[in-house]
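Starting from the structure of chain A, add chain B where the hints point.
2 protein chains.
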Amino acid sequence: MKTLIRINFATTLAIMLFMLAASPAWSDSDPLPSWNEGPAKRAIIEFVQATTDKSSAKFVPLEERIAAFDQDGTLWASHPMYAQVIYCLDRVPDVVKAKPALAKIEPFKTVLSGDRQKIAKLSKSDLFKILAATLSGMSVEQFTSEARKWLETAKHPRWGRLYTELTYLPMLDVMKYLRANGFKTYIVTGGGQDFVRAYAEKTYGIPPEQVVGAAGGTRFGYDKNGRPILTKEPKLLLNDNDAGKPEAIHLMIGRRPVAAFGNSTGDRQMLEYAKAGDGERLGMLLLHDDAKREYAYGPALGLPDTKVGTFPQSLYDEAKKQGWIVISMKNDWRRVWAFEP
Amino acid sequence: MKTLIRINFATTLAIMLFMLAASPAWSDSDPLPSWNEGPAKRAIIEFVQATTDKSSAKFVPLEERIAAFDQDGTLWASHPMYAQVIYCLDRVPDVVKAKPALAKIEPFKTVLSGDRQKIAKLSKSDLFKILAATLSGMSVEQFTSEARKWLETAKHPRWGRLYTELTYLPMLDVMKYLRANGFKTYIVTGGGQDFVRAYAEKTYGIPPEQVVGAAGGTRFGYDKNGRPILTKEPKLLLNDNDAGKPEAIHLMIGRRPVAAFGNSTGDRQMLEYAKAGDGERLGMLLLHDDAKREYAYGPALGLPDTKVGTFPQSLYDEAKKQGWIVISMKNDWRRVWAFEP
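Line by line, the protein sequences are chains A and B. Okay, so the first sequence: first residue is 9 according to the numbering used here, each after it adds one. Okay, so the second sequence: first residue is 9 according to the numbering used here, each after it adds one.
Only chain A is shown next, with the shape it has when bound in the complex (with noise of 0.2 Å):
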């Protein structure tokens, strides 16, 4: 039984890559289809090629092909707000449910009220406590369930759509390409791993194991049953922003990537260390100047800044200098949306 399952399976993967190497329309097909030809684009395409031909300089062994993406921001559309934020506040009726004295607590009380303005608001330390209430003393099957469950039915208030619909076309062709050529696409992000990692797979294409991000601690234990059950703590492991991004990469992946695409500030020591490494490498930074299509922001463009992702003069004076891709939304990408033509 099991020989002849083998044997099937070996043989339906050497007809799809005879197909594949016989068939001249893949290797000519645009890779890139949702980005106009310009600058970023060919700077992905060139990077691929000198990077995965063998008689290069630049070649890299297909084990060190590693590529670094940030995420909000940069893989989907994390303005006007966090959808992890958004979803720790849709969380507090239920976390108050359970320990009823909190109704009285700031900063509970405010996101009771569901004054979006007094919301809005809310310091850093308050969102910290919410985010420690409501993403922790749950099992992290249980977690992955609620998180699932929200992302199922929560919406963008601009476009009425699924966040995991709000994901950018252009960068799922680059995730695509990459891995078609023998890369591992990692996601690195300022948020909770978890939560990512619930979606991750299904939106990107990116397993568990790929994700990157803040991640809290832990807890072994045992079930009223006896089984073995994790526990979600209110304690910080990983602070995966900044000076965190590389510290996490060394930690969960332990390589340095050689590809890294980022939107902030958040992101800038994330591209520091993957382009500091020896041979070819690509860094990348998206600039939100699309108000139309999506959103504009940012003092590098002249406007205000935004808590979601900063993107400061600086930002763009160390791109230009270090030899970073800019990727102008507005210019660069053909399409943003899967949903729009």
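For the record, the hints were derived by calculation from the structure and aren't laboratory data.
One copy or any two copies: either way a pair holds, since identical chains are not told apart in the list.
Here are the simulated DMTMM-like pairs of lysine to aspartate or glutamate, each with C-alpha atoms no more than 20 Å apart in a straight line:
id : residue 1 : residue 2
1  : K210      : E173
2  : K184      : E71
3  : K283      : E149
4  : K315      : D250
5  : K137      : D98
6  : K283      : E72
7  : K210      : E72
8  : K329      : D231
9  : K240      : D250
10 : K232      : E326
11 : K283      : D231
12 : K232      : D286
13 : K283      : E71
14 : K210      : E71
Being a predicted model, the structure only gives us computed values, none of them experimental.
Okay, now just chain B, sitting in the frame of chain A:
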């Protein structure tokens, strides 16, 4: 150029797979040639056959095929002292050279004396001081290159062979067999993550990103030329033993392993966690009962305990109760080493 190369690669792969599919020799050959026939070998083969057979109720989807292996005493010899501890002791003279004041301070004074009996009696907290001093202060690249240099020369006192030669052939069989069937093999070790990563790819075919271990922190910064570096810090982030194993598995992998292999109480919670998942699971413990070819130790055999992997009667009892398979090195392994027939 690129197109040509892609076609060549795909064609070669296709031909190889075709040959594989057409060759009955491979499918019929013994996947575990270093194992004697018996319940342990049978359990592994039945597990792999059931979990990869699409028509079986025990089928496990490709992406869920995660196998976790303890390292010291499970994949290579750890008796009479962990290789990494010897590495740290060997590094003490270099550390003292850089900081001469340490020469007069314990435990460094004892290590420098070379008195083996005294060194063997160092307390856990003394060993911790030595580990912290010898495993930090350098860049992660420097550390890897130092560790590799040591591994290329240091020899085990009994066999006069490199530590990387003292890997158990039957466990290499199991890892290859699992990988050939779509499993991702991980090392989950109480030893140092960076130390094991320095040789795991070459020795076991396990890439750095699939090594989970005790991990110290790193600090991102810049060297004197302004180049970004990560410096190893004397700060323990993950204690990857006991309950720390399933906790680290969740952090680093984010999936529950379907198979887990260990050899001591430090692996107990990992095996419990792996076995508690739904569907078919495999838990195995290696019992060191072969004084002739390797070592025999531990209370479960009525022998004295050892510092390197405790296997008490209680672990043996739990194995029987939970359906973990105890591997007898003496009876289940036809060969132990690659260098012995």
